[in-house]
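Going line by line, the protein sequences match chains A and B. Taking the numbering used here, I'd label the letters of the first sequence as residues 1 to 372. Taking the numbering used here, I'd label the letters of the second sequence as residues 1 to 372.
Certain hints may be false.
A pair counts as met if it fits within one copy or between any two copies, since identical chains are not told apart.
Here are the simulated PhoX-like pairs of lysine-lysine, each with C-alpha atoms no more than 25 Å apart in a straight line [said to hold, decoys possible]:
#1 K51 - K352
#2 K76 - K292
#3 K75 - K292
#4 K285 - K175
#5 K352 - K10
#6 K361 - K107
#7 K10 - K75
#8 K361 - K175
#9 K9 - K361
#10 K43 - K361
#11 K223 - K194
It should be emphasised that the hints constitute simulated quantities derived from the structure, not laboratory data.
2 protein chains.
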Amino acid sequence: MTFRFDLLKKDSGSSARLGVITTPHGEIQTPVFMPVGTQATVKTMTPADLKDIGAQIILSNAYHLYLRPGHGLVKKFGGLHGFMGWDRPVLTDSGGFQVFSHGLLNKITEEGVKFQSHLDGSRHFITPEISVEIQEALGADIIMCFDECAPYPSTYDYYKGSMEMTLRWALRCKKARTREDQALFGIIQGGMHKELRLRCLDELVEMGFDGYAIGGLSVGETKELMYEVAGYTAEAMPVDMPRYLMGVGTPEDLVECVWRGIDMFDCVMPTRNARTGTLFTSFGKLNIRNLKYAEDDLPVDPECSCYTCRNFTRGYLRHLYRAGEILSMRLNTHHNLHYFINLMDGMRQAIKDDDFAGFRKRFYEKREVTQC
Amino acid sequence: MTFRFDLLKKDSGSSARLGVITTPHGEIQTPVFMPVGTQATVKTMTPADLKDIGAQIILSNAYHLYLRPGHGLVKKFGGLHGFMGWDRPVLTDSGGFQVFSHGLLNKITEEGVKFQSHLDGSRHFITPEISVEIQEALGADIIMCFDECAPYPSTYDYYKGSMEMTLRWALRCKKARTREDQALFGIIQGGMHKELRLRCLDELVEMGFDGYAIGGLSVGETKELMYEVAGYTAEAMPVDMPRYLMGVGTPEDLVECVWRGIDMFDCVMPTRNARTGTLFTSFGKLNIRNLKYAEDDLPVDPECSCYTCRNFTRGYLRHLYRAGEILSMRLNTHHNLHYFINLMDGMRQAIKDDDFAGFRKRFYEKREVTQC
Numbered sequence: 001m002t003f004r005f006d007l008l009k010k011d012s013g014s015s016a017r018l019g020v021i022t023t024p025h026g027e028i029q030t031p032v033f034m035p036v037g038t039q040a041t042v043k044t045m046t047p048a049d050l051k052d053i054g055a056q057i058i059l060s061n062a063y064h065l066y067l068r069p070g071h072g073l074v075k076k077f078g079g080l081h082g083f084m085g086w087d088r089p090v091l092t093d094s095g096g097f098q099v100f101s102h103g104l105l106n107k108i109t110e111e112g113v114k115f116q117s118h119l120d121g122s123r124h125f126i127t128p129e130i131s132v133e134i135q136e137a138l139g140a141d142i143i144m145c146f147d148e149c150a151p152y153p154s155t156y157d158y159y160k161g162s163m164e165m166t167l168r169w170a171l172r173c174k175k176a177r178t179r180e181d182q183a184l185f186g187i188i189q190g191g192m193h194k195e196l197r198l199r200c201l202d203e204l205v206e207m208g209f210d211g212y213a214i215g216g217l218s219v220g221e222t223k224e225l226m227y228e229v230a231g232y233t234a235e236a237m238p239v240d241m242p243r244y245l246m247g248v249g250t251p252e253d254l255v256e257c258v259w260r261g262i263d264m265f266d267c268v269m270p271t272r273n274a275r276t277g278t279l280f281t282s283f284g285k286l287n288i289r290n291l292k293y294a295e296d297d298l299p300v301d302p303e304c305s306c307y308t309c310r311n312f313t314r315g316y317l318r319h320l321y322r323a324g325e326i327l328s329m330r331l332n333t334h335h336n337l338h339y340f341i342n343l344m345d346g347m348r349q350a351i352k353d354d355d356f357a358g359f360r361k362r363f364y365e366k367r368e369v370t371q372c
Numbered sequence: 001m002t003f004r005f006d007l008l009k010k011d012s013g014s015s016a017r018l019g020v021i022t023t024p025h026g027e028i029q030t031p032v033f034m035p036v037g038t039q040a041t042v043k044t045m046t047p048a049d050l051k052d053i054g055a056q057i058i059l060s061n062a063y064h065l066y067l068r069p070g071h072g073l074v075k076k077f078g079g080l081h082g083f084m085g086w087d088r089p090v091l092t093d094s095g096g097f098q099v100f101s102h103g104l105l106n107k108i109t110e111e112g113v114k115f116q117s118h119l120d121g122s123r124h125f126i127t128p129e130i131s132v133e134i135q136e137a138l139g140a141d142i143i144m145c146f147d148e149c150a151p152y153p154s155t156y157d158y159y160k161g162s163m164e165m166t167l168r169w170a171l172r173c174k175k176a177r178t179r180e181d182q183a184l185f186g187i188i189q190g191g192m193h194k195e196l197r198l199r200c201l202d203e204l205v206e207m208g209f210d211g212y213a214i215g216g217l218s219v220g221e222t223k224e225l226m227y228e229v230a231g232y233t234a235e236a237m238p239v240d241m242p243r244y245l246m247g248v249g250t251p252e253d254l255v256e257c258v259w260r261g262i263d264m265f266d267c268v269m270p271t272r273n274a275r276t277g278t279l280f281t282s283f284g285k286l287n288i289r290n291l292k293y294a295e296d297d298l299p300v301d302p303e304c305s306c307y308t309c310r311n312f313t314r315g316y317l318r319h320l321y322r323a324g325e326i327l328s329m330r331l332n333t334h335h336n337l338h339y340f341i342n343l344m345d346g347m348r349q350a351i352k353d354d355d356f357a358g359f360r361k362r363f364y365e366k367r368e369v370t371q372c
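Just chain A, with the same shape it has in the complex:
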């Protein structure tokens, strides 16, 4: 087994941690943000771009690739790495969350989930065992247990029942796996209830996984509640294992959750928002559609060193957006991903310097002071 997590350092003023994950496709310095490549491509980006931006690992989705082009086909091309020409680490989501958010859900039973494809309405049935089979064919370095992401808000009883089934599914995933070269992460559910979260975590640790993820957050709850749940869950998670907060979040979320001890993040926000013209900068968000940028000859973020900011003005980017040009989505995506990844670089440096509190303070100050 080539998978390993080494905790390098802890920040003394917060729960932030510096680590390194070793995988068959190389090392990942943590805390890390993983760009999302749903359909075996991070939208608009080539693997060369992703390396240029400094992406260490990308996330892809079992649900989407199972439906199209089919995990068997991806396997024939050497798995996701061979198929999409990406030789660094990959993590696949189990399909659990996507079945609930994209598919036409027919029925959840103890056995698994019946749903209809969002592409053609065809009927499918995914069990924990099938999810592992799909993810083994896709060949990611890190695969996830099949879980139920309960809707928010749900009753305590629903969260409890759902969490308990997620635990039984986790055990089935663990038993179903056959590949030794993939890490399998357990997913902690339990809604917004501390006792459910901690019980779920305990039982997953009892089963033993290669890493642990917090699922079921950023589903409509307040920021305060999300930070609270992420905080007490992270605090209880094994110190010597990677801690992954799924589907989170904004730059502020990343800073707050690294503060609370999270090591890994993924989110479609930088890529999706880029395509609709929302750009992330050191002084906050910028909407490139705004008329005030029409004659603006500054780069998106004067502090940014990405290809987009080195070469293009806000005025030009606004023109591309208005003209419906594909290059708009591409340049915006490049910038946003660079911003997220550079933000994580800064956080890692701050932990090295044992000054995460100072980093966090400056992060917020810049947003308040700088006008654009």
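Since the structure of chain A is provided, determine the placement of chain B on it from the hints.
Just chain B, lined up with the frame of chain A:
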């Protein structure tokens, strides 16, 4: 005036010529293919990509940029070069052809053309003088006279009257220009009638331009007729001036028209077809949508050295196309433009080697023999 054309060599077995155009933004080796960047962007491509592919000059459109974002705005950003971050030569079309093909044409008079915007229906009036003003603001290295591109087929009398007005408009463009650092090309019209084409050419040469273009071809006529008109027109064009065949064409068209003495080409075909999955290769066209490529692990063209062919399989490209991914359009565009530009490189080498006939023979043989 920094614009100059030097004829370096003539092929002994054909009318193919090797030359170099000098502009304020550098040299252009001819024969050359110019990628089309209608809205101040070659769709999906960055300037860095275009350089990587070997693009020497790109074409942009006065009509589109006049409507959006406005030539005055582009001028504020330092013209097209500054606006789009491209430091190599640019040629702008006058807007004549686009008014006829995109706008809702209201009226053509001796004074100019009244039309409605394809974007919002707003009413506009472009004269030869206004076209020159727009193109001077856009700041291309080479600008074009405002002409009427007569519909095909038209009557002899219509072609004759239209050509004569195009001549009067050409003189007005010449008188209206104020910038010494831009080359102005005259456009030869006259439909499919040799005597009209030659008379138009003679009168343009009499006025004196920095280069001459053949307009009004590839508008629905047969290939044979297009080659015939391009051939006798090119033969009569000044030897010491660049010869530009507008809006042409397929790889075969490029080979046939270089054979007949043309130096410059532009066409949306490589970029537009890329976005709908049609790829150009050394053995002919390939439709990446085809089921037979689903499990194909070859590159698009095993003889191609472009980024797409070096890194991705037909199977992956087919998946991206079917999944509606933007990366599909981008990788396909990269390949197609590389193919067109590489084809021109090969033609220039063949002229240097004084073997254009051999090049042309091998070009067709490969298409007949190789199956894919």
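Cross-check of the supplied hints:
1. K51 - K352: within (23 Å within a copy, 40 Å between copies)
2. K76 - K292: Between copies only: 15 Å across, 50 Å inside.
3. K75 - K292: between (49 Å within a copy, 18 Å between copies)
4. K285 - K175: neither (45 Å within a copy, 49 Å between copies)
5. K352 - K10: within (8 Å within a copy, 66 Å between copies)
6. K361 - K107: Answer is neither; intra-copy 47 Å and inter-copy 64 Å both fail.
7. K10 - K75: neither (39 Å within a copy, 53 Å between copies)
8. K361 - K175: So K361 and K175 fail the 25 Å test inside a copy (46 Å) and across (63 Å) alike.
9. K9 - K361: Classified as within; 21 Å inside a copy, 67 Å across copies.
10. K43 - K361: neither (33 Å within a copy, 42 Å between copies)
11. K223 - K194: Classified as within: same-chain Cα gap 16 Å, cross-chain 75 Å, threshold 25 Å.
The structure does not agree with the numbered hints 4, 6, 7, 8 and 10 stated previously, though it agrees with the rest.
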